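Below are the chains, spelled out letter by letter.
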Amino acid sequence: MNSDGRMQQRLRHEAGALLEQDKVDRIIGFEPGSLKFTTTPLITKIKDDLDRLVINPFIVNNLAVFLPGLKGRIAIVSKGCDSRSIVSLIQDNKVSRDDLVIIGIPCPGMIDLRKVEKLTGKDRDEMDDIIREGDKVVIREGIRDEGYGITPDPYPLTLEVSDVLFDNCLACEFPTPQDYDILLGEPVASRQSAAGESVESQESRVESRGEGDSRAKRLQSEASSERSVSGLQTINYRLLTRQQRWGFWRKEFRRCIRCYACRNICPSCFCKRCFVEESEPQWLMPVPRWQENLMFQVIRNIHLAGRCTDCGECERSCPMNIPLRSLTMEMYNLVGELFNFKAGMDKDAPPLMTHYEQEEAEDLIR
Amino acid sequence: MGIKKIAKKDIGNLLHQWGKDYTILVPSTEGDTALTVHGSRFTVHGLWDGSDVNLDWHRNTVKPPKSNFLPPMEEMFRFQKGKEGHSIELPQEERRQLIFGIRPCDARSLRLLDMIFTDVYQDPYYLPKRNSAVLVGLVCLRPYDSCFCTSLGISPGGSDDVDLLLTDIGDEFLIEEISDKGKRLMELTAGLEDATEDDITKASEAKEKAYGKVTRKIDTQHLKDKLLSSFEDETYWEKVAAKCIGCGICTFLCPTCYCFDITDEKVKKQGARFRCWDSCAFSLYTKMPMENPREEKWQRVRQKVCHKFEFYPMSFDVIACTGCGRCIRLCPVNWDICQTLEGIRDRGGDHQ
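If you're matching them up, the sequences are chains B and Z in order.
Under the working numbering, residue 366 is the last one in the first sequence; the count climbs by one each step, no gaps.
Under the working numbering, residue 352 is the last one in the second sequence; the count climbs by one each step, no gaps.
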């Protein structure tokens with residue numbers, strides 16, 4: 001049995017005990033989804049349902065999003081990033097720690113199906129199996145559509161884990177939950193790889209190479225090549241001119257349909273009534289023009305300062321594949337640089353934007 | 001009925017030819033920003049110049065074709081306040097559209113939308129666009145595992161709702177004339193070859209095979225009545241709705257959802273009125289004119305399901321779902337309408 005299997009077995013056992021001993025009213029976890037390589041949130045009070053609980057490389061949702069809407073005592077399955085969201089919700093008084101049993105999963109990173117699809121040239125439903133074996137991911141042969149120009153590839157195909165994890169998983173600083181009552185496995189170390197390279201080191205790398213007139217050009221080409229294999233382009237603002245940024249986002253946000261999946265999937269977007277829906281005063285038109293769409297994201301992002309834990313759910317949920325993480329990461333990094341603050345690390349700390357300390361840099365307040 | 005064919009490499013020329021009379025809409029990826037993994041997730045708007053032919057479009061687009069007739073945002077008119085009161089300027093008439101590569105399920109969805117837009121009143125925005133459009137269908141050879149069109153009387157090779165139907169037969173497309181509109185278009189089209197018996201056999205084999213690939217099924221028998229008798233079952237609907245996050249993906253990207261909201265935008269003395277997509281999944285839906293009668297999330301989830309499988313059948317005697325599977329495959333929490341319907345069916349009740 002691999003480590004997911006062991007954790008899964010223990011999870012079912014622990015969750016069952018919690019319900020049986022009446023320590024919680026509800027369990028929030030994952031069960032197999034209705035499509036291949038998907039899982040779906042399981043929110044249940046029934047012990048028999050717990051046999052469906054799973055842990056695998058596709059438990060992508062940040063389950064903390066359900067907490068503010070539920071009453072009673074809850075046991076929640078939580079990966080590293082989810083636990084930070086839970087802590088952040090506790091800081092914001094949306095959830096009480098006393099009502100929670102956090103079942104922590106030391107998270108080895110989640111598999112981004114878009115990346116697998118891109119690398120294999122096959123869609124999710126055309127693959128038979130995606131198995132994680134340590135640092136490798138093995139893809140088993142898919143259904144081949146004879147006669148329609150799909151050339152057989154060498155299967156099974158072995159890919160590097162670092163090529164198929166979500167970008168935010170590759171950059172994950174805290175894969176092991178920050179706060180938990182039960183930890184299902186051994187803690188996992190921070191997993192910052194090339195994809196998770198900090199802005200500073202990227203800058204200094206460019207800095208050291210750049211010289212004279214060619215520098216700007218090099219910066220630009222470097223910036224435009226920052227494309228993740230998932231096809232989503234992660235842009236580094238500090239490498240782009242203002243004009244280039246406008247061009248980039250105009251193109252991206254023209255696709256936005258304002259379904260608000262990014263907001264609704266986000267545990268930190270807990271407002272009962274979102275500014276975007278206010279009509280008196282009307283902050284933003286509901287008309288999905290790119291300018292308004294971008295503005296919506298910018299304002300949302302500002303509201304998330306000190307709350308965003310880089311769980312990546314906004315970007316994953318977007319049906320239009322808008323690279324929203326490029327925006328949220330910028331805020332995430334800024335919050336780190338300006339306030340030396342990381343969201344969801346300390347449940348007893350006040351939320352970042354609700355208090356002021358005298359020693360804070362004065363040029364922030366004007 | 002004439003059956004022609006065209007080499008795939010000549011599709012660019014064909015579309016260029018048609019582009020003289022129509023705004024051509026093709027499935028494509030958008031630019032190189034790369035949205036995607038599937039070569040066909042987006043429909044590009046605007047006049048297509050015949051370049052950038054992406055022939056790997058065997059899968060359906062993310063945006064349904066309703067977005068070409070009931071766009072996410074539409075300017076209804078502009079207004080200006082002068083000395084003698086308000087003056088109104090209507091939008092200019094748009095060019096006729098030719099939708100190339102529309103799937104049989106999506107073509108059916110337009111037929112379903114027609115019912116609502118011609119029911120109590122003739123919608124002056126939707127209908128002119130719809131009536132002048134030509135639909136060039138494409139047999140759906142690679143249905144997703146979320147597709148269940150065959151349970152709703154639609155075939156991935158179906159020609160019921162298109163004007164022309166293309167079938168991929170290798171290096172060529174077979175082109176069948178279906179409607180009078182399609183026939184007229186074909187008469188004006190140069191550069192097509194006659195199809196051989198062999199081509200026709202190949203195409204019908206491909207269609208049959210495609211039909212077999214739709215493995216997901218739902219049972220629609222007595223569904224309307226069962227939904228009716230389950231309407232008040234709060235426990236069931238609450239359970240079903242528990243994981244829904246209440247976003248607009250499944251309704252906005254549903255080919256048969258048509259709710260819209262009307263907004264005025266005014267700067268000083270001039271402005272415009274827009275209609276934009278709205279969704280019964282949103283908690284603020286209809287809040288402006290009155291109250292949202294569906295305060296709880298489970299009521300909104302129930303509304304979406306019942307509208308398609310209970311209310312539409314009551315009004316128009318047809319289910320307002322084409323089984324395109326978008327709501328399942330694009331849902332961020334994998335909320336699956338088929339499972340909900342299965343639960344309703346399994347409840348039994350008095351309508352066996």
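In short, the hints are calculated from the structure, not lab data.
Mixed in with the good hints there might be a few duds.
Distance condition first, Cα-Cα at most 25 Å in a straight line; then the derived DMTMM-like pairs of lysine to aspartate or glutamate [to be verified]:
1. K209/Z - E265/Z
2. K239/Z - E20/B
3. K269/Z - D125/B
4. K4/Z - D219/Z
5. K207/Z - E126/B
6. K217/Z - E292/B
7. K269/Z - E292/B
8. K45/B - D346/Z
All figures in this text were calculated on a predicted structure; none of them were measured in a lab.
Okay, the hints, checked on the actual structure:
no. : hint            : verdict
1   : K209/Z - E265/Z : 51 Å, violated
2   : K239/Z - E20/B  : 20 Å, holds
3   : K269/Z - D125/B : 54 Å, violated
4   : K4/Z - D219/Z   : 37 Å, violated
5   : K207/Z - E126/B : 19 Å, holds
6   : K217/Z - E292/B : 40 Å, violated
7   : K269/Z - E292/B : 21 Å, holds
8   : K45/B - D346/Z  : 21 Å, holds
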